[in-house]
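Chains A and B supply the protein sequences, listed in that same order.
Everything in the first sequence is counted per the numbering used here, starting at 353 for the first residue and increasing by one.
Everything in the second sequence is counted per the numbering used here, starting at 322 for the first residue and increasing by one.
By construction, these hints were calculated from the structure, which means they are not laboratory data.
Treat the hints with care, as some may be off.
[Claimed, not checked] Cross-link-like lysine-lysine pairs, in silico, BS3-like; alpha carbons within 30 Å at most:
#1 B/LYS490 to B/LYS325
#2 A/LYS469 to B/LYS490
#3 B/LYS368 to A/LYS466
#4 B/LYS508 to A/LYS466
#5 B/LYS537 to B/LYS462
#6 B/LYS730 to A/LYS469
#7 B/LYS747 to B/LYS403
#8 B/LYS325 to B/LYS447
#9 A/LYS466 to B/LYS693
#10 A/LYS365 to A/LYS476
#11 A/LYS503 to B/LYS523
#12 B/LYS633 to A/LYS466
On a predicted model such as this, the values are computed, not experimentally measured, just so you know.
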Amino acid sequence: MDLYKFLPKTNCKKCGKPTCMAFALDLLQGKVKIDDCTPLLANKYKKNYDTLKELIGSEEGKEKELRIDVDEELCDGCGICVTVCPVNARYCTPTLSGKAPDYPPEKHQLFQVKAGKCELLNIKYCRRIEAEGRERECRVCESYCPREAVKIDYV
Amino acid sequence: MVDKRTTCTGCSLLCDDVIVRTDGLYIDEIFGACLKGKEKYDLITSKNRLLTPFIREDGELVKTSIDKALEKAIGIIEKSSKPLLYGFSTVSSQAQLKGIELAKLINGFIDSNSIICQGKVLNASKQTGITLTTISEAINKADLLIFWGANVAESIPRLLNKVLFSRGKFRMTGREIKTIIIIDPVKTASFGVMGVRDIALKVEPGRDIELIRALKEECCTPDSIPSTGVAGIDRDDLKRLLIQLTNTENGIIFIGQGIVGSSNNSEVIQELLELVQMINIRQQKGRMSVMMLGGHYNMVGFEHVALSLLGKNHSLQFSDNKLIETSNTIISKINNDDFDCSIIVGSDPISHLPWKLSKKLASKPIILIDNKKSATLNFADVCVPSAITGIECGGLAYRLDHVPLELEKIINPPNNIFSDEEILSKLYEGLKRG
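Produce the complete structure using the sequences and hints provided.
Structure follows, in structure tokens:
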């Protein structure tokens, strides 16, 4: 709410969001930058712009980045993370042994099991980066790992 | 470099979706196999691998040639009148067949590891009957999975992945549609996959039989469970368990070592199989089935080979080249010192059996046929190294759900290393010649 106070409150939709409130929320989560609000750059709002910079400036310098850690000590390569990951499920084709990701991995596949250990292929298709709304809160791989080897973190 | 789809022989699940990248000499990468499977492929170059035959001379193990080792083995077997053959759970079915033929020739007693593992369930099923199922059915149809005394997340790592999380033909949502119930006295790693609808029952150790009897009684006369509960499980949980059991469309009970290895195992297994039959009779729309969890990859194979050859699935005693009736098992045989030499194939009984039995086993000459160093090697008189089935030689193996799978050869074995089948054939030929 503090952030919303300093926005233009005109709902001009120039930033691509329907309302200034939505923009404020996204600003808080770090999805958008202050500079995305073009009217704010005008001289009229110079004071507000500076205050906003001050409010979230400390966090803006080092943007929080999603990281999925797989503990090699704990992982035993059961491949549950490979099967449960909803991104995998979207693209994989049905096989005889159930509908599970195939090898060699597809380009969307997040995890693969190599040499008895789980390996992170590419994080950019993860639901926590790519998806919208509630899907963004996905923690399936972390919650179903029986050995608690997968950890989702923001650093 | 070629990517080859192969069957992993790390455990009894025999995953057929493992990919290995090989240049024909070594295996470079392994995709899809768990840690247990990877260790099996690593055995090729491991320092634990047996590559030379050994014979014992003046109490010391000495390196020798394969012909000399076989010669000494034949000498030991010819001198003995009551040989014992044991192991056969990590070799192909062809080698098991040769093993039974060898036992027939030398009038020996042959038994597999299965007798101290899932073979007990098959023995009990002769009286009660058994409903078996397959892994594919578990993936595509099952909606209730009960793990009774089994920590599958650590013993057979990929089983949960396959039966619980895979999205099957009639169970498209995968995990969401399947309920799991874990009955175990301790909290194991398998509890980590539990969701909201799943039930964890902490049964008191050694009291499974009371729990099964209470369920059987409740099946016949409702509301017969005492309000204090049974075996540390309260009444509501028991009722929920029974509702799940009787209302499931396709339920599977996985019997683990917690049941098979309990002190009164034969009674518990019989009662459990009876409970399954009872539920199946009362059920309208579905059925319950049983799946046995074994450790070694071809444990079921021996039962099938022996059953198809001789009509008896374990503890085969031969006399005058014919099968004779006996109530002995490998345990009673060793305990009564009723043997004078032993042939161990692909097993490590010195470290698996209790100290009292291993001491007795070690006191007699041991002929070992195996591909890795083990505690048994330290007591063996003759040791013949063998190729790794499923990697260096092919063969047939039975999965834990009694489905036969053909294992393929990926790379060539090292020089002068033969498969278990060939070594047993050589022994057979040598003994036949006299």
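Here's how the hints hold up against the structure:
no.: 1; hint: B/LYS490 to B/LYS325; in the structure: holds (26 Å)
no.: 2; hint: A/LYS469 to B/LYS490; in the structure: holds (28 Å)
no.: 3; hint: B/LYS368 to A/LYS466; in the structure: holds (22 Å)
no.: 4; hint: B/LYS508 to A/LYS466; in the structure: holds (29 Å)
no.: 5; hint: B/LYS537 to B/LYS462; in the structure: holds (26 Å)
no.: 6; hint: B/LYS730 to A/LYS469; in the structure: holds (24 Å)
no.: 7; hint: B/LYS747 to B/LYS403; in the structure: holds (20 Å)
no.: 8; hint: B/LYS325 to B/LYS447; in the structure: violated (41 Å)
no.: 9; hint: A/LYS466 to B/LYS693; in the structure: holds (24 Å)
no.: 10; hint: A/LYS365 to A/LYS476; in the structure: holds (27 Å)
no.: 11; hint: A/LYS503 to B/LYS523; in the structure: holds (28 Å)
no.: 12; hint: B/LYS633 to A/LYS466; in the structure: violated (42 Å)
Checked against the numbered hints given earlier, this structure breaks hints 8, 12; the rest are met.
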